[in-house]
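*Asks:* The primary structure of each chain is shown beneath.
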Amino acid sequence: MPHDDHDHPHALLPPEPALRVKALETILIRKGLIDPAALDEIIDTYQNKIGPQNGARVVSKAWSDPDFKAALLQDATSVVADLGYFGRQGEHMVVVENTPEQHNMVVCTLCSCYPWPLLGIPPGWYKSDAYRARAVREPRKVLAEFGVTLPETSSVRVWDSTAEVRYLVLPMRPVGSDGLTEDELAALVTRDSMIGTGLPKVPS
Amino acid sequence: MSISDTAPEPVFAQPWHAQIFAVTVALNEAGRIDWTDWAARFSATLKRNGLHRELNGGDDYFGAWLETLEALLVEQGSAASDDVSKLRDQWEDAYLTTPHGQPVRLAKG
Chain A
1 MPHDDHDHPH ALLPPEPALR VKALETILIR KGLIDPAALD EIIDTYQNKI
51 GPQNGARVVS KAWSDPDFKA ALLQDATSVV ADLGYFGRQG EHMVVVENTP
101 EQHNMVVCTL CSCYPWPLLG IPPGWYKSDA YRARAVREPR KVLAEFGVTL
151 PETSSVRVWD STAEVRYLVL PMRPVGSDGL TEDELAALVT RDSMIGTGLP
201 KVPS
Chain B
1 MSISDTAPEP VFAQPWHAQI FAVTVALNEA GRIDWTDWAA RFSATLKRNG
51 LHRELNGGDD YFGAWLETLE ALLVEQGSAA SDDVSKLRDQ WEDAYLTTPH
101 GQPVRLAKG
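Going down the list, the protein sequences come from chains A and B. Taking this note's numbering, I'd label the letters of the first sequence as residues 1 to 204. Taking this note's numbering, I'd label the letters of the second sequence as residues 1 to 109.
FYI, nobody ran anything at the bench for these hints, they're computed from the structure. Bear in mind that the values here come from a model prediction, so they are computed numbers and not experimental data. We put the CB at the ideal spot given by N, CA and C, even for glycine. It is possible that part of the hints are untrue.
Simulated pairs of lysine-lysine, BS3-like, Cα-Cα distance not exceeding 27 Å [stated by the list, open to error]:
#, chain 1, residue 1, chain 2, residue 2
1, A, K69, A, K201
2, B, K47, A, K141
3, A, K31, B, K86
4, A, K201, A, K141
Some, not all, of what chain A presents toward chain B, calculated at C-beta under 7 Å [unchecked claim]:
#, residue
5, K22
6, I27
7, A38
8, I42
9, I121
Given only the sequences and the hints, what does the whole structure look like? Please build it.
*Replies:* Structural data, given as structure tokens:
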């Protein structure tokens with residue numbers, strides 16, 4: 001149990017793995033194998049700059065512009081790179097489109113491969129054994145736990161990401177979103193709707 | 001944590017999750033880790049650890065990440081186990097001897 005902070009004689013000791021990480025970091029920096037400034041920049045980037053808002057821009061553009069959508073489904077990697085979304089874990093991206101007949105859902109059964117440039121760092125549940133094992137085995141049940149119930153007529157296709165190919169779901173444009181601007185549409189696109197475990201928000 | 005826990009969460013739940021992530025990405029950027037190889041090694045660790053119990057996507061996940069990176073760096077000769085243990089102890093010592101509120105730094109060594 002952490003004790004009361006006020007009378008602490010010394011700095012709070014971080015947990016064991018944190019000390020081991022610090023040890024590794026110190027060794028690698030001393031050997032000149034990594035640059036401490038680069039570490040800060042990487043953390044700042046993933047904490048503050050890259051996130052589902054990037055993917056939402058791509059989705060709202062696809063909803064608004066049929067040519068863009070066609071190109072996106074054809075070759076997502078170069079199309080999103082043109083928007084400035086490229087880099088690590090985005091080397092080969094594939095966009096899969098939801099239709100009334102088919103709902104798509106993304107998992108990485110082996111570890112946690114994920115389209116970082118478009119969605120940032122995956123949420124905890126995406127990395128859990130429970131999701132990784134069950135998404136493939138019982139996708140409808142998993143979807144139900146996320147509050148997504150699909151009509152009987154819709155099939156579910158699960159895409160297993162790898163270090164080489166990462167998937168992004170293009171959700172169906174919500175009913176009642178006619179006439180909205182791209183910015184307004186982007187606000188309807190949730191992270192989970194691009195993983196396939198959720199649906200976009202419906203305009204109020 | 002429920003599988004469908006969609007409550008907002010920080011990108012990194014613990015500072016050390018962010019640190020180990022950044023160290024690994026920096027090594028990848030510097031050309032010292034190939035990402036496909038990394039994913040294969042990391043998957044193997046997750047699988048091994050997951051045999052005994054169901055892993056969560058937080059500490060368990062990054063614990064497996066750390067284990068994988070430590071083993072890889074030993075194999076590469078970039079960070080020997082003895083050095084890691086020594087530095088780990090020095091950091092512990094630094095925390096225990098730094099007055100609360102002061103920045104914790106390693107003694108020059």
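*Asks:* Do the numbers back the hint for A38 of chain A, that is, is its least Cβ distance to chain B under 7 Å?
*Replies:* holds, 5 Å
*Asks:* Less than 7 Å between beta-carbons is the criterion; does I27 of chain A satisfy it with respect to chain B?
*Replies:* Hint holds; I27 of chain A Cβ to chain B Cβ min 5 Å, cut 7 Å.
*Asks:* Min Cβ distance, K22 of chain A to chain B: is it shorter than 7 Å?
*Replies:* Where the cut-off is 7 Å and the nearest Cβ of chain B is about 5 Å from K22 of chain A, the hint holds.
*Asks:* A closest beta-carbon separation below 7 Å is what the hint needs, so does I121 of chain A meet it against chain B?
*Replies:* Given a least distance of 5 Å, the restraint on I121 of chain A holds.
*Asks:* Run the distance test for K69 of chain A versus K201 of chain A: straight-line Cα separation, threshold 27 Å.
*Replies:* Judged against 27 Å, a Cα distance of about 20 Å means the pair holds.
*Asks:* Straight-line Cα separation of K31 of chain A and K86 of chain B no greater than 27 Å?
*Replies:* Distance of about 16 Å is within 27 Å: holds.
*Asks:* Tell me if the interface restraint on I42 of chain A is satisfied: Cβ within less than 7 Å of some Cβ in chain B.
*Replies:* Holds - the Cβ of I42 of chain A comes within 7 Å of chain B, reaching about 4 Å at its closest.
*Asks:* Verify the proposed pairing of K201 of chain A with K141 of chain A, using a straight-line Cα cut of 27 Å.
*Replies:* holds, 21 Å
*Asks:* Verify the proposed pairing of K47 of chain B with K141 of chain A, using a straight-line Cα cut of 27 Å.
*Replies:* Within the cut-off at roughly 23 Å; holds.
This entry satisfies every hint, going by the numbered hints stated previously.
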